[in-house]
Structures are given as structure tokens and as C-alpha cells.
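Number of protein chains: 2
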Amino acid sequence: MCQLLGMNCNTPTDIVFSFEGFRRRAGLTDSHSDGFGIAFFEGKGVRVFRDDKPGHNSPIADCVKQYHIKSLNVIAHIRKATQGEVNLENTHPFIREIWGENWVFAHNGNLKTLPDMSDSLCQPIGTTDSEAAFCYIAEQLKNRYRKKPTEEQIFDTIREITAELSQYGTFNFMLSNGEWLLAHCSTNLHYLTRQAPFGKAQRIDDDGVIDFSDYAKDGDKVTIISTFPLTKNEKWIKMEHGGFVFFKEGEKIREILGEAKVMEDDGTLGNRTYVAA
Amino acid sequence: MCQLLGMNCNTPTDIVFSFEGFRRRAGLTDSHSDGFGIAFFEGKGVRVFRDDKPGHNSPIADCVKQYHIKSLNVIAHIRKATQGEVNLENTHPFIREIWGENWVFAHNGNLKTLPDMSDSLCQPIGTTDSEAAFCYIAEQLKNRYRKKPTEEQIFDTIREITAELSQYGTFNFMLSNGEWLLAHCSTNLHYLTRQAPFGKAQRIDDDGVIDFSDYAKDGDKVTIISTFPLTKNEKWIKMEHGGFVFFKEGEKIREILGEAKVMEDDGTLGNRTYVAA
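Just so you know, the sequences run in chain order A and B. Adding 11 to a residue's 1-based position in the first sequence gives its number in this note's numbering. Adding 11 to a residue's 1-based position in the second sequence gives its number in this note's numbering.
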């Protein structure tokens with residue numbers, strides 16, 4: 012398994028405070044040491060840094076820390092390999108061009124099998140289930156819509172493909188085209204939105220403290236999504252199993268609550284699907 | 012216009028000596044200051060560093076220098092924008108997946124027009140003629156061969172597509188899939204192969220000196236391809252207009268000499284195409 016970190020905001024934001032806690036889980040506070048990667052959108056372009064070395068001491072991760080890149084959408088991943096060797100081509104996030112846009116994808120989980128893709132135009136380069144799943148999503152989207160459809164159609168189609176792929180195993184993932192960021196939770200994903208009044212936050216992994224009021228201005232909205240919470244004193248929302256959230260400009264603009272165990276009238280625990288627009 | 016730098020070798024090699032001369036042309040010894048990029052193959056994976064700042068003082072380029080990444084195939088580019096704004100998505104090299112491989116492409120030149128690609132599955136993300144040309148090559152290759160064909164078929168097909176695109180303007184480019192590196196010359200490309208006995212080389216751009224015998228071992232073959240020579244005291248081969256070279260493991264394994272002006276029997280200068288396998 013692995014861990015995921017994402018950011019979606021309405022103003023270019025430096026993710027280093029969150030990333031510095033997150034990367035400690037890649038060999039110090041946790042054992043996700045089989046490579047790391049981080050992708051920063053800049054307009055339609057992407058800066059991507061990957062290493063097959065542990066994120067906590069990778070020189071490439073030091074470089075990321077040093078340059079304080081600001082971005083509206085970021086996806087990062089620390090890997091604990093389940094399928095596929097530890098090497099660069101198996102390191103998330105993965106990138107593909109869809110409808111003339113960079114799409115960035117990272118996955119935490121394990122898909123035991125996948126649909127046949129031998130005739131797909133979009134082929135995985137490495138040997139992970141994650142990249143293959145992303146290629147399947149890309150192929151399906153391109154086949155169903157030759158031109159870019161509406162955001163609603165994109166969201167609904169990805170939801171449909173995700174339901175299909177989720178049958179095969181654990182499928183927590185984040186996906187972004189630089190305009191929006193979509194998160195799907197099979198088992199663990201948490202998020203929070205920072206906005207005025209900004210305050211202090213203390214990291215879980217090394218007690219590092221920041222006062223966001225020193226950096227942010229009124230109107231800024233910064234959503235952070237992470238496998239597990241990164242700070243001690245902020246309220247993280249745990250996503251439900253099967254839940255979907257679609258973030259844009261730092262705001263949650265669409266949500267599927269997923270399946271939650273609820274008490275039925277007869278007193279047993281059942282599954283119900285809650286859908287909210 | 013822009014400048015190109017490539018490396019193809021039979022042993023993982025550090026390109027920093029060449030890159031340090033090359034990047035000085037991005038704002039110091041020449042004016043290619045509209046961004047830079049460099050892609051290093053590592054197995055089937057690629058490390059790519061890009062910046063829309065000038066290569067000579069980009070912090071990302073400093074990071075590349077610092078970590079001495081070793082690779083069998085490298086493509087780098089410093090940009091002087093002709094078409095497309097100065098931003099990250101317009102920064103070479105460009106990457107696409109073809110037949111489950113990373114393909115890396117960089118271009119020096121200017122294509123005034125391009126075939127209609129509105130229905131292509133492979134679409135450019137930015138607004139350069141270069142990325143559009145690469146997408147055209149990728150689309151054609153995928154359409155003609157659903158599965159990866161032989162190297163000979165790849166080479167011949169790219170040659171055919173290149174002849175078509177070259178009608179539209181200047182088209183110096185380098186292309187690599189991590190196994191081989193292909194260079195096409197419209198106007199300016201030079202190369203040399205370093206092999207035993209290794210000696211000293213002195214950079215043109217800042218007089219930096221290296222003794223390759225301190226680093227290389229017998230049997231190593233390292234080919235460097237560059238728009239203009241990077242060293243003073245080595246023999247660079249100037250490619251002919253229309254020339255093609257296919258390098259693998261540091262060796263030239265196939266070459267098309269291109270068109271050279273030759274004296275005809277009647278004393279006039281004519282075009283003849285020389286082909287060598």
C-alpha cells in the first residue's frame with residue numbers, strides 16, 4: 012500500500028509544509044520507502060519530480076523542498092510496493108494526455124485483476140496495477156468522448172469506470188487535469204479546507220508548526236487531501252468507503268457520499284448509498 | 012530557434028560536462044533564454060526537468076547539475092520561442108506514451124503549417140509547432156502499427172513522416188524511446204562518439220576542461236549530439252541537410268546522409284540523395 016497527498020486551491024499555494032510531514036512517512040514515521048513522486052500543475056503544464064529512493068531522504072525531494080513551487084493543483088505519492096518492481100517507471104504519479112490536457116493520477120490500493128487492455132491505444136509503461144487502471148480510465152474516456160465533454164459528464168463517466176474497477180480491489184485515488192482534482196476513497200482518504208480566518212497548524216509527523224495567517228490572504232481557499240491527517244489541531248473529514256469528491260478552486264463542488272454502514276429499522280447494520288450533488 | 016543536446020551511450024553516463032556548456036547558451040554565450048528542459052531515461056522510466064526560466068540560471072537546472080544523474084539516453088533543449096508563449100507546457104522535451112514506452116522529443120526549427128489533426132487521439136497540450144509535430148508522428152505511428160513493429164519499420168516510418176513535415180519548414184529534431192536515439196537535421200546538428208582511448212576535452216562556452224580517461228573505461232561508447240559543437244579540441248561531425256542518424260548503445264547503427272550539393276557532369280550544382288545503411 013501507499014499514501015497519497017493532494018492539494019486544490021484558488022490561489023497558487025506552496026505545499027511544502029504538508030509535503031514535509033508527508034515525506035517523513037516515506038521511511039521515518041512510516042515505511043512507504045519504495046519511491047516517491049510529486050506533480051505540480053502550472054497552467055496546462057506539469058512539473059513532475061519522481062525518485063525510486065525513499066521520499067524522506069531523496070535528493071530530488073530535497074530539491075522540491077528548496078524551490079517552494081506554487082501551484083493550484085498538486086498530487087504526491089509515497090510508495091510501498093505491492094505490484095511491480097521498485098523503479099522509476101513504476102513510480103506515481105502517472106501522466107497521460109487526454110483531450111489536449113495533462114492528466115495526473117496516483118493510487119493507493121491493490122487491484123488484483125484488470126479488464127483486458129491488450130488492444131488499448133493507451134498502454135502502461137511500467138508493471139503496476141495503478142498505471143494500468145489509469146490507462147483503462149484514459150482509454151475509456153477517449154473512446155466515449157472524442158472531444159472534451161462537460162465536467163459533469165467527465166465526473167459521471169469516471170464514477171462509472173471507478174465502480175467497475177473497484178470490484179477488483181482497493182482503489183483510493185486522486186486525479187487532476189490542472190483545473191479540478193477528484194478523489195475517490197475505497198478505504199482511507201481525509202481532507203480539510205483552509206480558509207479565513209487562518210490559524211496555526213502543527214504537523215503530526217515532526218511537530219513542525221506554521222501560522223497560515225502569515226502567508227494566506229482573505230478569500231484564499233486551500234484544500235488538502237491525504238490518506239491520513241497530517242496535522243494535529245485541525246478538523247480532517249474522513250471520506251466514506253466508495254465516496255467521491257470533486258474539488259475546484261479549493262472548494263468541494265460535487266460529492267458522492269458512498270456507502271456507509273447504517274442501522275436498519277430491524278436493528279441490523281446494512282449498506283446504503285448516499286448521493287449528494 | 013532553439014538548441015538541442017542529446018546523448019546515447021552503452022553505459023550509464025553523466026551528461027553534466029556537456030550540459031554545463033550547453034546551458035550557458037541559454038542566456039550567457041547565446042540568447043536561448045525562453046525556458047529549458049532535459050529528460051533522462053532510466054530503464055523505461057524518464058526523469059524530466061523543465062523550467063520556463065533561462066537554463067543558465069534556473070534553479071531546476073542547478074538541481075540537475077547537483078545530482079549527476081547517469082543515463083543511457085538524454086535529450087535536452089534550450090528555447091528561443093518562435094511559436095507559442097513562454098510557459099511550462101511549451102517547454103521541450105515533450106513526452107508521449109507509444110506502445111507502452113516513453114517517447115521523448117525535442118525540436119529546433121519552425122514549421123509554418125501542419126497537417127489537420129483535429130480528429131487525432133494524440134493532441135498537443137501547448138501551442139508550439141514542435142509538440143504538434145510530435146503528436147502527428149505519434150498518431151501516425153500508432154495508427155500504422157497497433158503493436159510495436161521492428162526498429163527498421165520504426166526508422167523507415169519516421170523517415171517518411173519527417174519528409175512530409177519537413178516540407179513545412181525547419182525540422183531539426185531528436186527522438187528517443189530509451190533504447191535508441193534518432194536525430195534528424197534540417198539545418199544544424201553535429202555529433203561525436205567518445206570511446207577509448209579517452210582524452211581531455213575543453214568546452215567552447217567557458218573553457219571548462221575534463222579528462223574523460225578519469226571517468227570512462229575501455230569499451231564505453233558515448234555519443235553526444237548537439238546543434239553546434241560544445242568542445243574545442245574534438246572532431247564533431249556536421250550532419251547534412253535532410254540527414255538522419257539512428258544511434259543505439261553509443262553507436263551509429265543506421266544513417267541517411269541526406270541531400271548534399273554536388274557538382275553534376277555538366278558543371279552545375281545539383282541535389283543528390285545519398286543513402287547509407
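Since the hints were derived computationally from the structure, they do not count as laboratory data. Warning: the hint list may mix true and false statements.
The list treats identical chains as one, so a pair stands whether inside a single copy or across any two.
No farther apart than 30 Å at their CA atoms in a straight line, the calculated lysine-lysine pairs in the DSS-like style are these [stated by the list, open to error]:
| id | residue 1 | residue 2 |
| --- | --- | --- |
| 1 | K64 | K81 |
| 2 | K64 | K232 |
| 3 | K153 | K243 |
| 4 | K76 | K159 |
| 5 | K123 | K153 |
| 6 | K158 | K243 |
| 7 | K55 | K123 |
| 8 | K64 | K76 |
| 9 | K91 | K81 |
| 10 | K153 | K246 |
| 11 | K228 | K158 |
| 12 | K76 | K55 |
| 13 | K249 | K158 |
| 14 | K123 | K81 |
| 15 | K153 | K55 |
| 16 | K232 | K123 |
| 17 | K246 | K123 |
Structure-based check of all given hints:
{"no.": "1", "hint": "K64 with K81", "result": "both (24 Å within a copy, 15 Å between copies)"}
{"no.": "2", "hint": "K64 with K232", "result": "between (33 Å within a copy, 28 Å between copies)"}
{"no.": "3", "hint": "K153 with K243", "result": "neither (42 Å within a copy, 50 Å between copies)"}
{"no.": "4", "hint": "K76 with K159", "result": "neither (35 Å within a copy, 39 Å between copies)"}
{"no.": "5", "hint": "K123 with K153", "result": "both (24 Å within a copy, 29 Å between copies)"}
{"no.": "6", "hint": "K158 with K243", "result": "neither (44 Å within a copy, 51 Å between copies)"}
{"no.": "7", "hint": "K55 with K123", "result": "between (33 Å within a copy, 23 Å between copies)"}
{"no.": "8", "hint": "K64 with K76", "result": "both (16 Å within a copy, 18 Å between copies)"}
{"no.": "9", "hint": "K91 with K81", "result": "both (27 Å within a copy, 25 Å between copies)"}
{"no.": "10", "hint": "K153 with K246", "result": "neither (38 Å within a copy, 49 Å between copies)"}
{"no.": "11", "hint": "K228 with K158", "result": "neither (38 Å within a copy, 53 Å between copies)"}
{"no.": "12", "hint": "K76 with K55", "result": "both (22 Å within a copy, 26 Å between copies)"}
{"no.": "13", "hint": "K249 with K158", "result": "neither (35 Å within a copy, 44 Å between copies)"}
{"no.": "14", "hint": "K123 with K81", "result": "neither (37 Å within a copy, 35 Å between copies)"}
{"no.": "15", "hint": "K153 with K55", "result": "both (18 Å within a copy, 24 Å between copies)"}
{"no.": "16", "hint": "K232 with K123", "result": "neither (37 Å within a copy, 43 Å between copies)"}
{"no.": "17", "hint": "K246 with K123", "result": "neither (34 Å within a copy, 55 Å between copies)"}
Comparing the model with each earlier hint shows violations of hints 3, 4, 6, 10, 11, 13, 14, 16 and 17; every other hint is respected.
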